[in-house]
Amino acid sequence: SNGTACTGTTSFSCATSGYSDGANTLYVGCYDAAGNYGSDYIAVNRDSISPTTPTDLDARSNSQTSVDLSWGASTDAVGVASYRVDYCSGFGCSSWATLGTSPTNSYTHTGITPASNPTIYRYRVYALDAANNLSGAATSIHFNAIPTIPAFPGAEGGGAASKGGRGGTVYRVNSLSGGTEAGTLRACAVVATGPRTCVFDVGGTIELTSHINVSSPYLTIAGETAPGGGITISGKNSTAVTFTARTHNIIVRGLRFRKGYNAGTPAQDGDSSNVTSVSSTSGPVGLVIFDHVTVSWGQDENAEAWSMVPRAAKDITYQWSMIYEPLLSHPVNFMTGAYASSVADNMTDIDIHHSMLANSSHRNPMIKNRSFRFVNSLVYNWSDWALAVHGSGQVDIIGNKFKTGPLYMTESAKAYEIEATPTGNSTTATTGTMSLYVAGNVGPHNADPLADNWVMTRLIDLEANGSAEIGPLSESYRRLTPLPALPFPITAHDVATAETIVLAGAGASRRLDCSGNRVSNRDSADARAIAEYTAGNAGIVPVSEDAVGGYPTLSAGTACTDTDGDGMPDAWENANGLNPASAADGATLHVSGYSNLEMYLAGSSDATPPVLSGLSPAGSYPKTSTSVSLGATTDENATCRHGSAGSAWASKTPFSSTGSTSHSATLAVWAGLVKRICYQCRDALLNESAESCTTFSVSAKPKVGGFN
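Read in my numbering, the sequence shown has 396 at position 383, and its numbers run on one by one without any break.
Since the hints were derived computationally from the structure, they do not count as laboratory data. Quick caveat: nothing in here was measured; it's all calculated off a predicted structure. A few of these clues could be false.
Label-pair restraints from in silico Cβ distances [as the list claims (entries may be wrong)]:
{"hint": "1", "residue 1": "276", "residue 2": "541", "range": "23 to 31 Å"}
{"hint": "2", "residue 1": "530", "residue 2": "422", "range": "27 to 35 Å"}
{"hint": "3", "residue 1": "88", "residue 2": "479", "range": "41 to 49 Å"}
{"hint": "4", "residue 1": "75", "residue 2": "648", "range": "42 to 50 Å"}
{"hint": "5", "residue 1": "426", "residue 2": "517", "range": "31 to 39 Å"}
{"hint": "6", "residue 1": "457", "residue 2": "648", "range": "36 to 44 Å"}
{"hint": "7", "residue 1": "475", "residue 2": "578", "range": "31 to 39 Å"}
Calculated cross-link-like contacts (lysine-lysine; reagent style DSSO-like; alpha-carbon spacing at most 30 Å) [what the hints assert, rightly or not]:
{"hint": "8", "residue 1": "636", "residue 2": "714"}
{"hint": "9", "residue 1": "665", "residue 2": "688"}
{"hint": "10", "residue 1": "688", "residue 2": "636"}
{"hint": "11", "residue 1": "714", "residue 2": "688"}
{"hint": "12", "residue 1": "665", "residue 2": "636"}
Every residue gets a Cβ at the ideal spot worked out from N, C-alpha and C, and that includes glycine.
Take these sequences, add in the hints, and give me the full structure.
And the structure:
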């Protein structure tokens, strides 16, 4: 009665432009000559409405030959039949071809050729329905298979598969401005796109008025190239976070991130350095590695890995870093998690290793994501609690030292090193059951790393109830084997060795000279934090950075001569057979698989330990001697210790004067002493000598009256 009339005998045809329901279904009914009406039946289903556009296109690679894609499912009035995946090769490419189709909202790109600098692919996805209606394309993303080499020599952990700016454009930072003009860090990290590396011609402090938000992937920031005192990024004049990686394949090395106090910073929103996915992010977040960075003076977490969109942040590493001294407004160091449990469940392979977390209230770290590794790190001077795991996270805690300081238990009665809440909430992973692998650690509840470490764990109440310790943690949450090895696994040292090498090298502690050698370059704030740890003092969570001496003054230094501007100093190019007048050789791949520029950034390949000579004392000393002078000479600058033969480095005593090529100390002696004493030294690259020993004696007093 309200449709289109078609007339005929036993067959009918006519055109119609309207359909009777939202599913675009055409219903047909017929009358005979007497006006009798037959029942409706479906004559045709003419679907002309396209599915909705797929959302949240994400990628991850678990091998050198494939990339796994996933996306938010489309909807359709009748039903989505399949998805079409298109791709092209190269950053910013536009010559699209169909890669394949999938009946589900995931697809694996296989058959990729393994490479140290794997091809960057660009992907987009469409949905199709049974009528072959095509949706709009999901916002395109770039991604690549795992490289055959780590991000740089020494990179380990989930983020070590990042390829950064390998083979890309070199940007020279010659200005300390916090703006976006040419020559600034922001011009390289934020404005520029595509594979790129930021090198520095100047040292000093970059003052920000807004945060550095990295949203274009394939970036290396080589802070270790800065001359003089290196680079500090200050956020004291900003009310926002200092640095955020909102994308993938990022390498950040040798920088200091110091937020600094700003009264306008929103409460618990002043993070000094984040790896976080936020609402404006498009594409994967992860394959990010922070190496030899310093993070301090935040008004919320000093650092975190937090996801605010369905694409989960994953494959993130902080290694050889110092994360310490968050400000009193919210004095916490590191946290992971997400805005929704379903996202936290997909946040995998996040880790902190060979780092120091110190002088805080708590969160050293707080772990709420799916899988996390905490290895060979130092946790010092907490006031509320040290490390916590919430929800159903799978966590390895291996070879760490938990050292109490003056703040210990001043804020609460919580005492244990590792606290766990197996019950999750809306910000934690909740699928499955929590499992912890705890081995090789020491702390106030366990002095022997070889002993059963489970005594260091404690069950705590829900966050909503104040997270109070409520009893032992059930062994049902104990895992007896570590998580599966990563593509570039973390080397775990014994805890004594870890303590020594972390104190020696963590943080923005070194820079590159013009010959590619790494030289010591800690600023006074980092040196103070190391000294506080060593002495076991401090005891302050500052209101502002001014309470602990403020921002160190950093010298600008003098940039190395780099005639062709390829990031490699002329002196290094000449020494390595390259052409200092041709920028083309910087991006050229070395036989190692790294670019020539990356070979310079890797620093000295010196693996030779110091050579000792001129050992003293030796021979015999008079019976009246009460002390002798210890001495040794090394063929390079080194740190030396002395002790009994066969004793570990950590148990030996540091020379009172050391750090150059001459090393000395004074040792108390007495008549009749015969002593063999052994010296051992480490250079700036932590190459350790074998023991060199010397023997001496002090004459005995004569016998008197038959008595000795």
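Hints, one by one, checked against the model:
1. 276 x 541: 23 to 31 Å: Holds: the Cβ-Cβ distance is about 25 Å, inside 23 to 31 Å.
2. 530 x 422: 27 to 35 Å: At roughly 44 Å between Cβ atoms, residue 422 and residue 530 fall outside 27 to 35 Å, so the hint is violated.
3. 88 x 479: 41 to 49 Å: 43 Å, holds
4. 75 x 648: 42 to 50 Å: Roughly 46 Å apart at Cβ, these two residues keep to the hinted range, so it holds.
5. 426 x 517: 31 to 39 Å: 35 Å, holds
6. 457 x 648: 36 to 44 Å: 42 Å, holds
7. 475 x 578: 31 to 39 Å: 57 Å, violated
8. 636 x 714: It holds: about 6 Å lies between the C-alpha atoms, which stays within 30 Å.
9. 665 x 688: 15 Å, holds
10. 688 x 636: 14 Å, holds
11. 714 x 688: 17 Å, holds
12. 665 x 636: 27 Å, holds
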